[in-house]
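2 protein chains.
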Amino acid sequence: MNSTKTVSFIGAGNVATHLAKALYKNKFLIKQVFSKSFTNANSLAKKVNAQPIDLLTQLSPNAEIYIIAVPDDAIEKVLKQFPFKNKLVVHTSGSVGVDVFSKNGFSNFGIFYPLQTFSKNKIVDFTKVPFCLEANTKTNLKSIEAVAKYLSDKIYPINSEQRQLLHLAAVFACNFSNNMYQIAFEICNQHQIDFDILKPLIKETASKIEKYNPLEVQTGPAKRNDKKTIQKHLSLLENQKNYQEIYRLITESIVQSLVHKS
Amino acid sequence: MNSTKTVSFIGAGNVATHLAKALYKNKFLIKQVFSKSFTNANSLAKKVNAQPIDLLTQLSPNAEIYIIAVPDDAIEKVLKQFPFKNKLVVHTSGSVGVDVFSKNGFSNFGIFYPLQTFSKNKIVDFTKVPFCLEANTKTNLKSIEAVAKYLSDKIYPINSEQRQLLHLAAVFACNFSNNMYQIAFEICNQHQIDFDILKPLIKETASKIEKYNPLEVQTGPAKRNDKKTIQKHLSLLENQKNYQEIYRLITESIVQSLVHKS
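Taken in order, these protein sequences are the chains called A and B.
Quick note on numbering: my numbering labels position 24 of the first sequence as 316, and the sequence is numbered without any gaps.
Quick note on numbering: my numbering labels position 3 of the second sequence as 295, and the sequence is numbered without any gaps.
Since the hints were derived computationally from the structure, they do not count as laboratory data.
The reader is advised that the hints may include incorrect statements.
Copies of the same chain look alike in the list, so a pair counts if it works inside one copy or between any two.
[As the list claims (entries may be wrong)] No more than 16 Å apart at the CA atoms, straight line, and that leaves these computed lysine to aspartate or glutamate pairs for EDC-like:
id: 1; residue 1: K515; residue 2: D364
id: 2; residue 1: K491; residue 2: E478
id: 3; residue 1: K520; residue 2: D365
id: 4; residue 1: K434; residue 2: D365
id: 5; residue 1: K297; residue 2: E437
id: 6; residue 1: K297; residue 2: D364
id: 7; residue 1: K420; residue 2: D445
The whole structure should be built from the sequences, with the hints applied where relevant.
This is the structure we're talking about:
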């Protein structure tokens, strides 16, 4: 193996694009980019000096690693048509188990999961993105790690069961906290209050996690068990029963978390 | 009125300390610092070259503005003992209405509410802190604004009803999102997963709010209405019924928010 690493991409969406560009920048040779849509394959291939293909039978065997970055429910379809069962193949999904490879007759495989949300036009600083890796052998793990280390210092070996739970935790930490922002946004909107007022507080709350456990920095009426304010808030939500119920449940959750602490 | 402004503080806790130090730095004259505990009064007074006092009867009438920064339930007690009913007096609370002043016979009053969480040892960059202001007259509002403008560009006139709703919105956006971090932290902890893996994602989720409405950047299984993953997650929470219930409710809330959008 010489120092230039050769990678091919199956998929040309957000994750594939961000990863391929980052690897290309790090002197990787991007051999081919596959997409069902030749236009999409070509659009990414041009950026990373690769060959665009729209049939998996056109895949060259001359890549060291094949990175499958397609929607979760398309992974198995790709694997069934994949022409080489002995090459090192990885997928980038947080929730699809590693057994999808063995089930389909592969002998060298793994997971290459960058835990971050990727938006099309926003540049990703991969040095800050955690990579959760898994492979079927130590040698394959080393090969995958070697690629990830070019992009990030944050490499975590995570098995499929843990990755599933990590994905669940991410739903709470990110998707659900974003819904809390959304509810706050609506309350502001309904009452002609500028949502911008809350932005510095949202930022500060998230940045405290850097140094402290969330329990240590919990604040607010639930934390103080300030029943007068809690009651006032519940009555302000009288006409939005679903938000009232969320307020009640999470307040209870905060009270309980503090009981368990003490 | 000359260009030096004179302010006295009632209270010597986190908010008083951060505000007094910031005003002192901006060439304000801090006349007196009151605290029930002389030690606390003295500790802050030393830092801002003020006179420490522990009796409200010792208050000098020679300040232009009196800033009451004490716990919510102590504000009324302070007002009842306050020796000057005609001086401009403000409190810094998010949830105590402005009527607490009129009820207690004051004729010049207002609210000086910096919307941020203050931790004892963390330096506060006030230039990024929104100040929510209210006063009983235009002249008093102008006087309070003049003080706030030394500290921050973000000045918002907010009446007491709006401030109450803003406080409710802040509970969702900050206290509740922190509880979401806490649940994620627990899930990681229970399964020997390093919580650090989620930190960049938490940061990115919060920073998206800067440019986008929360609804636009909602991601995850609820957003995609991915019933298979939602069902898997609910079954992973089978032994934690309270978290299962929160998962169910917020998933429903996200689905609903997207229905209303389309």
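As a check of your reading, is K420 near D445 (CA-CA no more than 16 Å) within one copy, between copies, both or neither? For K420 and D445, the Cα distance is within 16 Å only inside one copy (8 Å; across copies 31 Å).
Within a copy, between copies, both or neither: which one fits K491 and E478 at a CA-CA cutoff of 16 Å? Classified as within: same-chain Cα gap 14 Å, cross-chain 26 Å, threshold 16 Å.
Same-copy or cross-copy closeness of K434 to D365 [CA-CA at most 16 Å]: Neither: 27 Å inside a chain and 60 Å across chains, both beyond 16 Å.
If the cut is 16 Å between Cα atoms, do K297 and D364 qualify within a copy, between copies, both or neither? Cα proximity of K297 and D364: none, with 26 Å in one copy and 63 Å across.
Can you give me the call for K520 and D365, within, between, both or neither, at a CA distance of at most 16 Å? between (49 Å within a copy, 11 Å between copies)
When no copy is named, should K297 and E437 be tagged within, between, both, or neither for a Cα gap of at most 16 Å? Within. Shortest intra-copy distance 13 Å satisfies the 16 Å Cα cut-off; inter-copy 61 Å does not.
State whether the alpha carbon distance between K515 and D364 is at most 16 Å within one copy, between copies, both, or neither. between (39 Å within a copy, 15 Å between copies)
Hint compliance for this structure: hints 4 and 6 are not met, and every other hint is.
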